[in-house]
Each structure stands twice: as structure tokens, then as C-alpha cells.
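Asks: Protein chains in written order, with the working numbering: chain A, 1 to 423; chain B, 424 to 861.
Hints were generated in silico from the structure; no laboratory data involved. Among the hints, erroneous ones may be present.
[As the list claims (entries may be wrong)] For lysine to any residue, the following SDA-like pairs were computed, each having C-alpha atoms within a straight-line distance of at most 25 Å: (1) LYS226/A to SER566/B; (2) LYS363/A to ASP353/A; (3) LYS363/A to SER566/B; (4) LYS135/A to ASP819/B; (5) LYS359/A to ASP644/B; (6) LYS135/A to ASP644/B.
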Amino acid sequence: MFWRAGFGATPREARHWARRGKGATIRWLLNGGPSPAPRIKAPRIDGHRLDPENEWGHDVLWWLDRMIRSRHPLQEKLTLFWHDHFATTEQDTPLMLAQNKTLRRHALGRFPDLLEAVTRDPAMLMFLSLANSDKEAPNENYARELMELFTLGRGYSERDIRQAARALTGFKAEWHDNGNVEISYDREWHDAGAKRVLGKVGRFDWKDVLDLCVRHPAHAPFVVGKLWEFFVGTSVPRSARAHLVRVYRGSGLRIRPVVGAILAHPALYRNLDAPTMVKSPVVFVAGSLRTTGQGIERDAWTWLLDSMGQYPFRPPSVAGWDWGASWLSSNSMRVRFDFANYMIDTPRVGVEDGSTPNKLSPKQAVARARRAVGNPWTSAATDRELMRIARRVLADEDFDERGDMCQRVLRHLLISGPDAQVH
Amino acid sequence: MNAHRACDDFHRTNELRPLTRRQVVGLGVGGGLSLYLAKAMPIQRVFEAAAADAATSPSAPVLVSVFLPGGVDLLDTLVPLHAYGRYADLRPNLKVQGVPLAGTSLGIHPSMGRGINGGVKGLYERGKVGFLPGIDYSNPDLSHFHSRHFWETGLITDRSAPGWLGRWLDRAGGRDNPLQGISMGYGLSPVMRSGRAPVAAVASPGDAGFWIRGVWGDAYDEAMAAYTRLGKVNGGGHALSASREAARLAKLVADRLSPYAEHDGNDPLASTVPYPEESDFGERLRYLAAMISKPLGIRVASIEAGADFDTHDNQSELTDLLGEVSECLAAFQADLEARGLSNRVLTFVWSEFGRRPEENDSGTDHGAGGLAWVQGDRAVGGVLSEYPDLNRLDRDDNLQVTIDFRRVYSSLLEQHLGTEASGVIPRAGAFGRVALVK
């Protein structure tokens, strides 16, 4: 559950919440509150604090740090969900960081509030050409994605998009000499005429269009289905969808109760002994750091995430990333293997020369490696392979570094192997 | 050429009647036949092996799919000089002075002349480019994602499905070589996603290899042997199987590419043709040309331009976007020629849709009737489909579609890859064919 609702548990978190049971754990995940804080060091790159606005890659590290040290991991996980859902890319870093804060603030709140905040968010306004879309030449870009990707998925027509684009006019972007952009709303730029959108007629403005979208019958099934897929990894069964739609509408379109209902659903617990979802690169990297107690101490994580195919703040398009098995191309699997090389070079997971006794039994060696990487789930096949490696490497008594070398191999495979890519 | 005809025969024969020994020998696998039969291999497997052998033969044709993401505008790329007045009315701010294309009433965007030997325009003039204006499908969906999915799969469906080139590999490819279908990039292109044929994603062939920090000798060998075995474990549900298969393929790709890694300053994949500097697209095309020249069994490849053609509010950028594409593709073609590969590599360039004829001031919105082209020594040169009539727009004010992209796919499969199209594109017969390959 900690992997699905966040980025894995530290061993202390796991012990703490295992004693308190599922109900209490879900309540804590949803609401935050007291819990054993991860004892993970604050980020330091070359002895300095992060500078997310100015230094290359530090924006990503700043967010990764939140994920690994958060006392409210579900909020970070949902911020990632909304970043994918309202995918924005290639905008100035300060704008992207501001958008990230907006997504976090509303991550578990009312969807209409989130949608309104995103629509007027400067990074989004710039990305989907809504800024400076005026009544003379309304730009359809935002109107289309609003319906297709953000609220409905289906149930609208090309005509709805064009009419909604008229209603959405009026946002204006002005650049200052210092390079900053200022967003304002100019009534002169807004098309105040009557429009017909989703079967209703009126002199709609941008807020009216958002309202029409979230009131549309296709909206609730669309958004609860997407949340389900994010947490469970399959498309939502009809009965579960009907239940979630009731929860969502009954709560006044709030996200927290829907996520609570998903986390409590038996489908999430059906395959506890065999994970059924592929970890996205961000979940894999943040989770590897969190569960091993390793803080941010290098910037390699940024380019490794890029090479694995999930560079936060730079989703490939407005549709976000393709989730699921498509994360695992032959190339991204190789990069995950390479990532393990960096992990076994960190203070928490690394193995200093001469630090491991050569006289450990294979069983002890495997247990030691498992502890160092946060006791991850492994299949029987992996358990066999780890024991076999330990037996063989430790048997070579002429080899002085056999204890250290064995640890490095075991820890590496516990991070790079097929089992570690799923949750 | 015989090699890929054999694939074709294989499928047709296989569907209609049992195979005879004579037919098997006729496929050119006589040498291996006794061995296969000695192992009591089912006759079906003999033929799969034959098809796979044919597929990796050094003279087998190669198809390269180049995706220009975002929706390339037809009107400003191939300008309708025959209807320039109407064009200028639709595009008062954006209109481009197209450079007349010999033998047509069209003008090409000046940027398409950029690059070695006159860029894409130069290739056209040498009869090596066949343009397909007005390409799309009926009732076009103007969503990037829907439309792109249709193009990637060759199916008009919302459902998840393997890509059309992945399906071709499922049918005509081998079972052991992931490099037969190569996607140049970090992730696997949806075009190349297969049902069961192994396929590969390669961002940079020079660093596809494996290593473990602080580990060497027997310990390293033990680790990689374990990793390889874990990649072959069966069972365990969809996610875990996908993870194991990815491990298996990653290791296979690393092993096959290891002879071509750079060492002692010597790059076995170096090119004699200059590619544009600082273009990821160009660099990947360079890698691809080099890899096709090696005995890696590459049959289909997919590559995406780094540019974003979704020019809603910045169509002036088309100048640079098309310029980079032209420079990179011209270098790729010159490289293939220098390597003696140009007679068997055909490149197909496409985008998910076109753009609205009427501009929105500084850009254009999503539209129908886009542009694609085939490129290569074997390409039929010219303008191969009807240019949409600017005076007869559809009910959404978009261009009329003049050629279905599935007609083009079916033609590429049959004329270049030598596989009957209906095995890959459902109801392929209904789309007809267009001569694309000499």
C-alpha cells in the first residue's frame, strides 16, 4: 500500500503502521499527521543546498526530495498524478514550480477548485496557447484538451470545442523587461456573445465553461476511472466505477474521498504476493531512495530519470506519460540497471572496501543485502538466484574482497532486477 | 529480393494448405532442413525459421518510419501555387513563398531545400521523394492522441493495440532478435510495439552495454548470468512478465551491440557524411544508418523528430522545424548512399494530422488532410496523391482527405516488405494500393 499510495515505506514506517492496521493507515495516508518521520538527510549537492529555480536539474531534485522525505506521501503521489493529468511542459522553471505548488495545494481537494487554478495557471496558459487567445481569433488548443484530457474524455463535439474556445477568450500575457510574464484578464479581449456548449446556450465565460464540463455526465466516470488506473493499474470494473462516481458526486466533487475508497477497495489487496503494476521511473527512483533512507546527494538522478523516460516538469506532451508496461523498453531497463550502479555508490547502499566480513554464510549475506535496500519484495526465482550468487561468490576463498563484492552484486540485483521494477 | 518474396509465399501458402517438402526447399532453407526435421520440429516451425532467416538476410529491405509529431501543416509546406489567391486569403499572415517544384503546380517551403545536396527538395528533384498530400482517414479525429494512435496502430480504434510495424514483425519477423524492430530513443515507439516478436529501443548504441560498479571477474559473470536467467522466468502476471522480458531483451541488445562500442578512439559506427550538429534527430538517424550497415538484422525502424509541429501560435517556427528535418533526412539519405544501403532502405515520413486551412492570426489549429512522403532510391518520385481543393473544404472547414493512410501502409507492406497487407492491416483490400516503390 505504501508503494501504491506513495513511494514505498521506510522500515520504521512499515513497522509502525503494520501494528495499527489498514483502516488507521489509510486515514493517515489520506490526511497526514503523526508518524515516524523518515530519518533522511536534507539534500546537499557538492556541499550546497538545492537551487531549484536556477541550477540545472535541481527542480527535479527538489521534488524528489519532497517525495522521499514527505510525511504525507499520498499528497506527493497525487501531485505527480495531476502533473501527468494536466501535463505542462517546456515553460520557465519558476512558472513550473509555481504550478507544482498549485497542484499540491489542491491535490486532494475539490476538483473544480483544482481545475480553476490550473486554467488560470501561467505555465498552463502559456503552454496551451490560452494566453492571448482573443475574440478575433480564438485559439482552440486549451478548449480541446480541457474536454478531451482534463474533464470528459468523450461526449463532446468539434463544435463544442470551437464554441468553448470563444468562451475561454480574454486571458492576456504581457512580458516585462526582466523576462517575467504577467497574466491578466481583459474583458475587451473576451468574446461576450452567446455560445452553445455541451447542449447549453448562454453568454458563457471561462468559469462557466469549466462548470459545464464538471457538471457533464461524462466527467465523474472519467476522472474516477483515471484515478483508479493510477492506483490499481487496471481499468476500473463497472461496479467499482459506479461506487466511486457516487462517492465523488456525493462529496461535491472532492478527490480525497475517491482516493480513500480506492485505497480501501479489495482489488488493491488481491495480489499482495505478486505485484501487478510497473513502477514509473519517478516512483522507482524516489522509492529506491526513500526505502533505503538515502537523501539527495547527487544530481545524476535527474538525467537518469530523463533516460528512463520520465523527466518531471517535462512530460512528452499534454497527454502526459504512457503508464504501465510501456515504461519498460529494452533501453529503459538498461538505464534502470545503470541507476543501480549509482545506488550502490551512495552512503546508505554502497559497500566500502573491507566493510563486509568474508565469513558470512550465504544466508546472512543475502539478509544483509536485503536490509541495506529496505527489504524489498522478491519472487521465489529471485530468492534462488540471490542465494546461488552468494554461495558461489563467497565460496572463492582465494578472493580477498569476496564479502564486499558479493554485497555489491546482491544489492545491485535487488534494485536492478525484474522484481524491483514492479509494485 | 527473393528473400522477402519467400516471406510472402510463406504466409499465403501457410493459410491455404499444408506445406510440402518441395515448397520448404523452395524457400531456400534446404541446408537446415534435415536438422530441423531431425529434431522433429513441427513443419510450422520450419517455416517460421525460414521466414526468420529470410528476414535477417543482408539484402533484406528495411523500412524506416519517421514521425513528425504535432501535426504538420500541408499548405505552408507544399504551397498550392495553382490556387495562390485562395491560399493567400486563408493565410494572410502566414503565407509562404513556395519554391516551384518542377513538374507540379506546387511550391515547396524554402526550408525544405536546406541540407546536403539540396535537402528534401533536392531529393525530390532527383526522383527520390514521393509526396502524399491530403493523407488522413475519413471523419478525421482532431485529437493528437487519438489520431496518432490510429496512425501508430493502423487501426481506427480507441483500444490498446500493437503497432502496425510490430504486427508485421509478429507475422514476418524472427523470435530471437530484438534488433529486427528498432525504436531509436529511450522508450519503445508505439509503432513498434509487438504482440510477441522481440523488439528493441536504443537511444545510443555506444552505451547499450552493462556493467556493475566495483564488481568484476567471476562475481560479475555470476551476476549477469543470474540477470539473464531472471529475464527468462515464466509466469508472474502481466507487470512482472513485462519486467522480465525487458531484462531479457536489454541483455540481448547489449550483447549484440557490444562489438560496435567505441574503443581506443575508434568508433565502428562513425559516418563519412556530415549530419547537422546539435540535432538529436540527426544523431539518431546517423546511428540508425550505421546500425543498418552492420549484420544486426534490422528490418523496421522507427524514429521521431525532436521538433513539435503543433504550431497553434507560432507557425513562423515552421522555417526552423522543416529546416532541421530537411537537413537531417538529406544527410541520412546521403549516408545510406555512401554505405551502399540506399537500394534497400525506404523511409516513410508522417505526422498525425494536418492543420486548418484558415489561420488563427499567428498559427493554425488542428486540421485534416496532412502530408506524408516516401523517400529513398526505391521510392516512386513525384506527387502521388491528389492535392486537396482549397475551394472544397469539409463541413468543419478542413481540407478534404484525398488518400487514406492505410492505403499507403498496405502498399508499403506489399511493395517494399513483400508481405501481403491483409495479414497486418485488417480489410487491407478495401483501401486499394498506390505505387510507392519502384
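Asks: Determine for every hint whether it applies to the structure shown.
Replies: The hints, checked one at a time:
1. Straight-line distance between C-alpha atoms of LYS226/A and SER566/B comes to about 18 Å, which keeps the hinted pair within the 25 Å bound.
2. Pair hint LYS363/A plus ASP353/A holds up; C-alpha atoms about 21 Å apart against a cutoff of 25 Å.
3. For the given pair, LYS363/A sits about 56 Å from SER566/B by alpha-carbon distance, which is inconsistent with the 25 Å threshold.
4. At roughly 19 Å between alpha-carbon atoms, LYS135/A and ASP819/B fall within 25 Å of each other, so this suggested pair holds.
5. Our distance criterion of 25 Å between C-alpha atoms is met by LYS359/A and ASP644/B, whose separation comes to about 22 Å.
6. In summary, the hint linking LYS135/A to ASP644/B is not supported, as the alpha carbons are separated by about 67 Å, beyond the 25 Å threshold.
In terms of the numbered hints stated before, the structure departs from hints 3 and 6, listed from lowest to highest.
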